[in-house]
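Engineer: Once you've looked at the hints, dock chains B, C and D against the given chain A.
One-letter residues, chain by chain:
Protein chains: 4
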Amino acid sequence: MLLKSPLVGNPTFTSPLSIRESSFVEDNIYIPFNIEAKEGRLTTIEDNLFFEKAGPRKLIYFEPNKCAVGIVTCGGICPGLNNVIRSLVVELWFNYGIRRILGFRYGFAGINPENQIPTTELDPEVVDEIHDEGGTILGTSRGPQDPQKIVDYLKQLGVNILFCIGGDGTHRGAYEIYKETRKRNIPISIIGIPKTIDNDILYISRSFGFNTAVEEARKVLISAHIEAKSVRYGLGLVKLMGRDSGFVACYSALASQLANFVIIPEVPVILNGENGFLKWLENRLLTREHALVIVAEGAGANWFNEKDMKKDASGNTIHPDPGKFLKDIILNYFENKNIHIQMKYFDPSYIIRSVPANADDAIFCDSLARNAVHAGFSGKTGITIGFINNEFVHIPMDMVIKGRKQVDPTGELWRSVLASTGQPEYISSPL
Amino acid sequence: MLLKSPLVGNPTFTSPLSIRESSFVEDNIYIPFNIEAKEGRLTTIEDNLFFEKAGPRKLIYFEPNKCAVGIVTCGGICPGLNNVIRSLVVELWFNYGIRRILGFRYGFAGINPENQIPTTELDPEVVDEIHDEGGTILGTSRGPQDPQKIVDYLKQLGVNILFCIGGDGTHRGAYEIYKETRKRNIPISIIGIPKTIDNDILYISRSFGFNTAVEEARKVLISAHIEAKSVRYGLGLVKLMGRDSGFVACYSALASQLANFVIIPEVPVILNGENGFLKWLENRLLTREHALVIVAEGAGANWFNEKDMKKDASGNTIHPDPGKFLKDIILNYFENKNIHIQMKYFDPSYIIRSVPANADDAIFCDSLARNAVHAGFSGKTGITIGFINNEFVHIPMDMVIKGRKQVDPTGELWRSVLASTGQPEYISSPL
Amino acid sequence: MLLKSPLVGNPTFTSPLSIRESSFVEDNIYIPFNIEAKEGRLTTIEDNLFFEKAGPRKLIYFEPNKCAVGIVTCGGICPGLNNVIRSLVVELWFNYGIRRILGFRYGFAGINPENQIPTTELDPEVVDEIHDEGGTILGTSRGPQDPQKIVDYLKQLGVNILFCIGGDGTHRGAYEIYKETRKRNIPISIIGIPKTIDNDILYISRSFGFNTAVEEARKVLISAHIEAKSVRYGLGLVKLMGRDSGFVACYSALASQLANFVIIPEVPVILNGENGFLKWLENRLLTREHALVIVAEGAGANWFNEKDMKKDASGNTIHPDPGKFLKDIILNYFENKNIHIQMKYFDPSYIIRSVPANADDAIFCDSLARNAVHAGFSGKTGITIGFINNEFVHIPMDMVIKGRKQVDPTGELWRSVLASTGQPEYISSPL
Amino acid sequence: MLLKSPLVGNPTFTSPLSIRESSFVEDNIYIPFNIEAKEGRLTTIEDNLFFEKAGPRKLIYFEPNKCAVGIVTCGGICPGLNNVIRSLVVELWFNYGIRRILGFRYGFAGINPENQIPTTELDPEVVDEIHDEGGTILGTSRGPQDPQKIVDYLKQLGVNILFCIGGDGTHRGAYEIYKETRKRNIPISIIGIPKTIDNDILYISRSFGFNTAVEEARKVLISAHIEAKSVRYGLGLVKLMGRDSGFVACYSALASQLANFVIIPEVPVILNGENGFLKWLENRLLTREHALVIVAEGAGANWFNEKDMKKDASGNTIHPDPGKFLKDIILNYFENKNIHIQMKYFDPSYIIRSVPANADDAIFCDSLARNAVHAGFSGKTGITIGFINNEFVHIPMDMVIKGRKQVDPTGELWRSVLASTGQPEYISSPL
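Protein chains in written order, with the numbering used here: chain A, 1 to 431; chain B, 432 to 862; chain C, 863 to 1293; chain D, 1294 to 1724.
Pulled out of the complex, with its shape left as it was, chain A reads as follows (with noise of 0.2 Å):
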């Protein structure tokens, strides 16, 4: 049976005018994925998708006063972790009434008995400044644990709404605990809260704490810039963050317009040959005396052979270190033609992810906090707050974790980035 929600009646929601009505939001609507219309028609409905949008209803499903919420963050650290953290602490405290608010530590091993590992009690208090601070107050760590015991546990800790805070393979571990909560009818809403500094989840097209991301790795590129502008031939090589997806890279590129030259995961870059990148890059330092180049981390598949490919603990596929590779390669191909170029690697990893959230990502990670909650209480389960054409919605776990998203080749956003660098197509296309 559903209750009425503590936020009707409560001022910050309702007041004595019934027009405050209209910030409740009902569950029959929904946000479509694919917007363009053709001459004043939406695309039928057959080859679109439908998300339920977020936001508070006035019908929630667990009793506030008994209730307890767990927190999780799992996974690679990234700003506004934290800010996630409290927001979703104060909207359960102040709005929702909530008063155990258990936070598990270090990721999923928190939420397995056998690590042994105790839990933070959260309040207003305890997380009233932690937004200032890069990281996560919880601790992370990174792969599943099992759905079984996590579920026992969670049920012999009474809580009613675990919130996952992590990426794909956060989702997939929420999803196994989410199907052993079906499968045992027992209830407890498993509700995601999507975290990428790749910004590569499927259908969702932000991820908090990669604005910031960006706004760092932009300095790194005029680090970088600085540099190789200030010797003869000078070179500067940045490897970015990007296991699948070149999103940093290619934001960076066009919030400093300063890269020569951006090689992503997806488009297969060429280094050989008349057309190839080597002698685009010697033409480059010959003609203006310096260059700036990006490599995403995930780049340059097509220079490895497959047996060099290792998984990491979560699961994902570690490539042999593109940054690396190039800047031996690079440097080996100018010593062969005796040009004496000056090249500064850089690898910047953990610098841009480990700041606290820009003032962009701080208002995005409070109504992701804050939707998250109001998910969880009107009994929403095995879902991810996604954020899809300026709207947040919910989307089933089951279809984030299905696989990747990726800047597309032949969309707006690689093609500002080609009109930004000005670098040759066709060497990106092999195809």
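For the record, the hints were derived by calculation from the structure and aren't laboratory data.
Cβ coordinates follow ideal geometry from the N, Cα and C atoms, glycine included.
Please note that a few of the clues may not be correct.
Here are some chain C residues pointing at chain D (derived, C-beta under 10 Å) [as the list claims (entries may be wrong)]: (1) Lys-920; (2) Gly-1020; (3) Ile-1084.
In silico lysine-lysine, BS3-like type, Cα no more than 27 Å apart, as pairs [said to hold, decoys possible]: (4) C:Lys-866 <-> D:Lys-1698; (5) B:Lys-742 <-> C:Lys-1199; (6) B:Lys-755 <-> C:Lys-1186; (7) C:Lys-1264 <-> C:Lys-1173.
Stretch by stretch, here's where chain D covers chain A in the computed footprint (C-beta under 8 Å, at least three residues) [unchecked claim]: (8) 136 to 144; (9) 226 to 240; (10) 278 to 287.
Structural biologist: Same frame as chain A, now just chains B, C and D:
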């Protein structure tokens, strides 16, 4: 007669592979304004607006090698103006092959020959590093000029496309120029690029520089919070930009999560009485010993008489300064109660708008400018480049000048502000 | 009787190697104030001042395990206050083994029991991250309190050393407390730590937070420059802190190299007449079309009558606001001449002092605080920690409260400002 | 024959009032190197060094209107290079009236005509905004060039003063050029301006750009700390610049107060054994669950064999990378112990040196450059501009190239580092 775009065959946009064809946008693609769907169906066309999608067209209207282009910036400065100028120039130069790009100086005044302000020739070298700096290298001014004289001058200079970067005053001026060209049937394309630090242009979800301004405003809020917290009964009172709309106030409150009360033009606040703001402030200060209050520069219309209002050079209504008014009212209130509060008043004004664009705004400006070039060359005129549901579109100028976008007191943004400040809504609902 | 310092035998300070002995400072080491030598000879002792060198002593006065220590912050906030508090606490705790450290709240008011303000217990955990934030966690206030009551209270609490962080008002108050302890022969050590955003404490070449404030002031100057440059006849007028001394104005002018005229209290400026400032400004605006003028808040005494002066809570003389005065004078002048200048007025005020300490100030605060602890434990009292010729020293409190340090109009700093602005000196030399 | 300085009679330096005379510095004023006095007496001249005080002289050696000046930047880039270039140019142009200022490009290579690198004409307009950007607009390179060819070329170009901005390699080169001019009795003044990101030039207490680099290094330490704290047994290992001297490592450790262990070239660290670093690290990680370790790039000489050392283009000894070495040693150690630490390795390298100068460095660069101009015009040669005890002085070049300044393991700086990290000193004192 339409011509083939130089982008067809330009390696930036096309390749030997036909797949690149998809990079061009067809003229019959539209973006709906309202994208909420009920039960999987979009609201019907009758109660929705559809805007032409922006982007490069295969066919263009002006012959690049005979074409001259003008750029003008008007109104107050805004982070990203130089980014927009730069991306206009490099797109025009490298992708469309334009070699005559005129920068008109000091706003519309620079296109009226009576003012004898020389124009500036723009090329990629001139604009190479201008995006590192705030402001506009072209200079700016407020207020309209005689559209007849402007059109005469544009014709005399051989200008085919005029890019007008500015707010709603500028768009009103640009619309007059557009009408003059239509009346005299002169083929000059008038393209608007919306600029407003207040983010208040109708239909447009986001204007450039706004993110950056919010970032700066957040810094001021942090300062005010620190000042208030460091003394007993400390009150930080911060006046932020927002003549008609409280977006800067709302977003910076959310970004900082520090404000305890936000006063915006859209939501009248009662000062006196048991349920009034001053009584609320007294309770806050006596219990928590410090407080942070934001007031938008256009707030408090209900505190003043009609006769106190003035108009500025662009015709905008100017209210008396609600910041200073509130400062005096508060000081007086607590003096009468013999409570020794310590007020720190902040009026950052221009500080938040004169910085360079942050990474996110820089990327946005780049797309905005390039889409403006595509629009101009495809023969569009009398339109401005909008951003709706995360898509760039063409909006007829006469639509955007019909009013101002405001914070919806029943919408998600204001709901988030209330949740973040915890301020009582009833104070704000006197109607 | 003096005791052996816990630092002797503390691995931080001593090692099995006798060479570490040199880390302690002997009591007979002095630093001369004037270090200019003529022909290889220092000016003789008669016309020089020598200050005791600060640093850890081998023998100490107070028994650490019976010792309680108090910390108080007074006056306006300043970047680095929390760094000083933190380093006091960690030096006291880890190196001297003190376990009772009292934070008095809200300035001297917190040491007068009549105000019934509870003290705060400080330890390394409480202060661990406070240096990330501006302001003071202890709170502050202006104005003195009855020294008898303070000494009674300190005695009652068992406090042996009191660290007073503040400006010259604070040092006057601390000196009265010191005299009271001497009069009653109570062994409480009173140690001053000089704080002033204006960098105007006598004898002391640098005070903490000043570098950070100059960094922030530079940002405001850049904003004002951008605003001025972006319009025709644009004038940026910036009021900066500096009640008696123009150091913030001078240093930020040098840091930015953007100001065209700097007006400080030490160098009177004539406004009218052929050689006056207004005529100079007219020439500048007409020829260069923009200008940037800085006025220190204490400048322009020669523009006002004696009767306009007031006093603040700490007894400092307050002049009428020269910024607003100059703003009106300038607007009036150009209106009369029918020259349409565009004035942008900036009053950053607290914005430049409420930020966290930059790296350089953070390092400085750490040394300052640790030297204060060494001084207190070695039994010094009635002294403040000075910084002279790049060395930390002990300065008797009665010396620093005799006046204020000012910019020497014939010295290197003012010469550099003149060279950087190009402003005519004769305007500034009416005497 | 000496001439009257154009500064005499220049309103910047003189006024109708004779008091301004004091702005000039007499040639018989010296600054002692050691300023510690025992019992009020300076140590006698026998055991002290005295350096000529820098500043404008009333009499000058070169005739401004016949004079040409050259500027060259060498070695690695450093924040503030463009500030120094800019202030040299504006001081030469506006105060000494020089109209021929040559910028030699790409280091000493640009003064050897064999390399056929064209010079750049510098004037106030060219340098107006260069200080907003890191790097050097002149370009730089490493390594010496034939002094005979350089002197021939300078003579041929009519250059009277050459400003050489660089580190000790550059000063060695400049000293050879100076000796060549002396040998051939050619009146060209060779003036050094010391530049080193490591702050390791002999006698000089502070070199420009160092403060800025420490600010950037602090950011990296914060990142590393956040990464380490966000996982269980997290270890942040940060390699910072400092080939022979650990100043960057020490100062950034103090600025952040976050490091738990600092390893510098001056203090050998034992890795193994019960008292070794690895055992300490194990205890730290097991008890506190995270740690932050800094290693300077030149540290760990005792870990390597002599044969592993190399030399770079400027003749500096290059050690194997102690960061990577330590990383592997640590990973191996904990793997053997079956403790699952999570190492995050940071090598910010060029990132900390390619940013623009902060406010404090900007001010310092301005004074440094103007004093260099004064020195050159007063006929000094073979000297560099030092900064000692807060005063600018002239130091003979042959003195500064005799060695490198290092952190004194018994001095105040290292004592502060030990106090801040709490690291055991005995690990660091194997001698």
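Engineer: Against each hint, give a clear statement of whether it holds in the structure.
Structural biologist: Verification of the supplied hints:
Restraint check, C:Lys-920 versus chain D: the minimum CB separation of about 14 Å is more than 10 Å; hint violated. For C:Gly-1020, the shortest C-beta to C-beta distance to chain D is roughly 26 Å, which exceeds 10 Å, and the interface hint is violated. Satisfaction of the interface hint for C:Ile-1084 is found here, the shortest Cβ-Cβ separation to chain D being roughly 9 Å, below the 10 Å cut-off. As the CA atoms of C:Lys-866 and D:Lys-1698 are separated by approximately 33 Å, the hinted pair breaks the 27 Å bound.
Restraint check for B:Lys-742 and C:Lys-1199: satisfied, since their Cα atoms lie roughly 24 Å apart, inside the 27 Å limit. As the CA atoms of B:Lys-755 and C:Lys-1186 are separated by approximately 15 Å, the hinted pair is consistent with the 27 Å bound. Only pairs whose Cα atoms come within 27 Å are accepted, and C:Lys-1264 paired with C:Lys-1173 is accepted, the gap being roughly 18 Å. Evaluation of the coverage hint for the segment 136 to 144 of chain A: fulfilled, as 4 residues show C-beta separations to chain D shorter than 8 Å, against a requirement of three.
Figure legend: the segment 226 to 240 of chain A, annotated as covered by chain D; annotation consistent (6 residues with Cβ-Cβ distances under 8 Å, at least 3 required). Remark: the segment 278 to 287 of chain A is not confirmed as covered by chain D, as 0 of its residues place a Cβ nearer than 8 Å to a Cβ of that chain, below the required three.
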